[in-house]
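Taken in order, these protein sequences are the chains called A and B.
Just so we're aligned, residue 12 is where the first sequence starts under my numbering, counting upward by one.
Just so we're aligned, residue 12 is where the second sequence starts under my numbering, counting upward by one.
Because the hints were derived from the structure by calculation, they are not lab data.
Using N, Cα and C, we set each Cβ at its ideal position, and we do this for glycine too.
One should not assume that every hint holds.
[Unchecked claim] Calculated pairs, DSS-like style, for lysine-lysine (alpha carbon to alpha carbon, straight line, at most 25 Å):
#, chain 1, residue 1, chain 2, residue 2
1, A, K192, A, K52
2, B, K46, A, K79
3, A, K192, B, K96
4, B, K46, A, K52
5, A, K377, B, K46
[Stated by the list, open to error] Chain A is faced by these chain B residues, among others (derived, beta-carbon under 10 Å):
#, residue
6, L36
7, T37
8, P112
The chain contents come next:
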Amino acid sequence: MTLTEKIISQKVGREVHADEIVMARVDLVLANDITAPLAIKEFQKMGAKRVFDGQRIVFIPDHYTPCKDVQSAENVRLMREFAKEQDIIFYEIGRGGIEHTLLPDEGLVLPGDLVVGADSHTCTYGAITAFATGVGSTDAAFAMAFGEIWLRVPRTMRFVYKGYLRPWVGGKDLILYTIGKIGVEGARYKAMEFTGEVISRLTMADRFTMTNMAIEAGAKTGLIPFDAVTLKYIQPRAQREYKVFELGKADEIIEIDCSQIEPQVACPYSPANVKSVWELTHISINQVVIGSCTNGRLEDLREAARVLKGKKIHPNVRLIVIPATHKIWEDALRDGLLEIFSSAGAVISPPTCGPCLGGHMGVLGKGERAVATTNRNFPGRMGHRESEVYLASPAVAAASAIMGRIAHPEEVL
Amino acid sequence: MKLRGRALVVGDDIDTDQIIPAVYLTSTDPVELGKHCLEGYAEDFPSRIRQGDILVAGDNFGCGSSREHAPWAIKGAGIQCVIAKSFARIFYRNAINIGLPILECPGGLPAEDGDEIEVDLDSGIIRNLTKNIEKSAEPFPDFLQEIIQAGGLVEYARRRING
Ligand code: SF4
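Extracted from the complex, chain A is given alone in its bound form (with noise of 0.2 Å):
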């Protein structure tokens, strides 16, 4: 069996095959402030009088927070008092942040569970060998009234990263390289794995972003298998008990030597559109935004202050910073890193996804050109339908915001 197997199998109570369409047992539900008010309504309608278990679901507003005009605050409003009426966890801004990084850092999403979020990017909870994936408000509402999601078991493609990784080459580098080489709907329906010696070398931020981009790739999930490290990380914040599965079979094995990769950049209009940092050197650019559920943690932005230290930003370009949660933007603060991105000319933003789907705190005009750590640039996706996103790490983000233009950070250290 595939672990993707394996824990699908744990939460229908039989052995579950790849391609089988199942009805499976959900360990947390996720709704954010879009995802959440649809499902209310869903739920409503469905007759539906209470959720399953309040304490197995959580309301997260990032997106449009601090609320950015009347709808958004109403929805929040809908979302907030549904959450008391139903016992429903709800984080606040100021106590929570970006639902993907803020939860496995709360230690509600554990190791073998099986979570399904109305956000595409809830595969980011693979990085600890959880299964989770994204679906729809009705899919949410479903799961929060019965405690039950349908699912396609999905086939199983592993890849194993082998060799070493040169400097400034981390995660996002591996993802993007990763993604470039399958293409967009590589992974369709499938769960991917990453394993191999890179990775388990790899820490949990670079972990996460690696996992938050699975679905870039077309895939249901994107998985890690348990570690040393994983242990790390999840013996401080686990509050209730976990089951550990281990890998299995693979469908598919890719492997990739990791020796050669440059800095990786994806270009408009794709995620697969990849190119090395190298053959991008000449674009200028008038943005550059670091944060997000992909890139928002205490380690990148510790890698992008590395760069940024006691150096100021180009003069044509806007920075702006963004801690995915209110932990991390404390503990920023407290290391120094918020002085040393503002002392470059940085804007701080407060926890929220923000510009990274053109929501607001930094949307891009007609022809404009940005880099950021987020994870899509598809047409508009951070504004006018003629600007430019190019995605890459923060160490790239941060050297280019230095040189105006997309940059290695070799070029400004």
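With chain A held as given, fit chain B with the ligand onto it using these hints.
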């Protein structure tokens, strides 16, 4: 059930940001969302849609975010069915869940804007009457048939709650 309508053709990898740009996501009203259906793909697209049209797409239709606003916008705009070479998975399940008929047509359906399309949802047979082409779509697994026949996941759930 047979559906008949005018083809509206779009390309490959149409993501959810193009189907319904994020600025409209604070709304949950299908009709309101429908007014901006595929506006991120072509600004004048909403004005080209007529009630009962059939959307014909390429590969990986609906990739990107999990927003159900995307199939709702399509439904709200009056499009009665989507045919694609392939669908992104969350879009696929969202469409089923909200009762928007979708058909995955291997190789894709050759069509141009305005072609007369006929779809038989039970047999999966798709016809381009203008071009005289017949294709057959992947049949739905039984469980999904059940949801589709109930008219979507909400109705399916409602029946389960009411026993
Ligand atoms: S940071 Fe971006 S990708 Fe992540 S949840 Fe928010 S909008 Fe989605």
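Hints, verified against the model:
no.: 1; hint: A:K192 - A:K52; result: violated, 40 Å
no.: 2; hint: B:K46 - A:K79; result: holds, 22 Å
no.: 3; hint: A:K192 - B:K96; result: holds, 22 Å
no.: 4; hint: B:K46 - A:K52; result: holds, 21 Å
no.: 5; hint: A:K377 - B:K46; result: holds, 22 Å
no.: 6; hint: L36; result: holds, 5 Å
no.: 7; hint: T37; result: holds, 4 Å
no.: 8; hint: P112; result: violated, 15 Å
Violated hints for the displayed structure, listed by number in ascending order: 1, 8.
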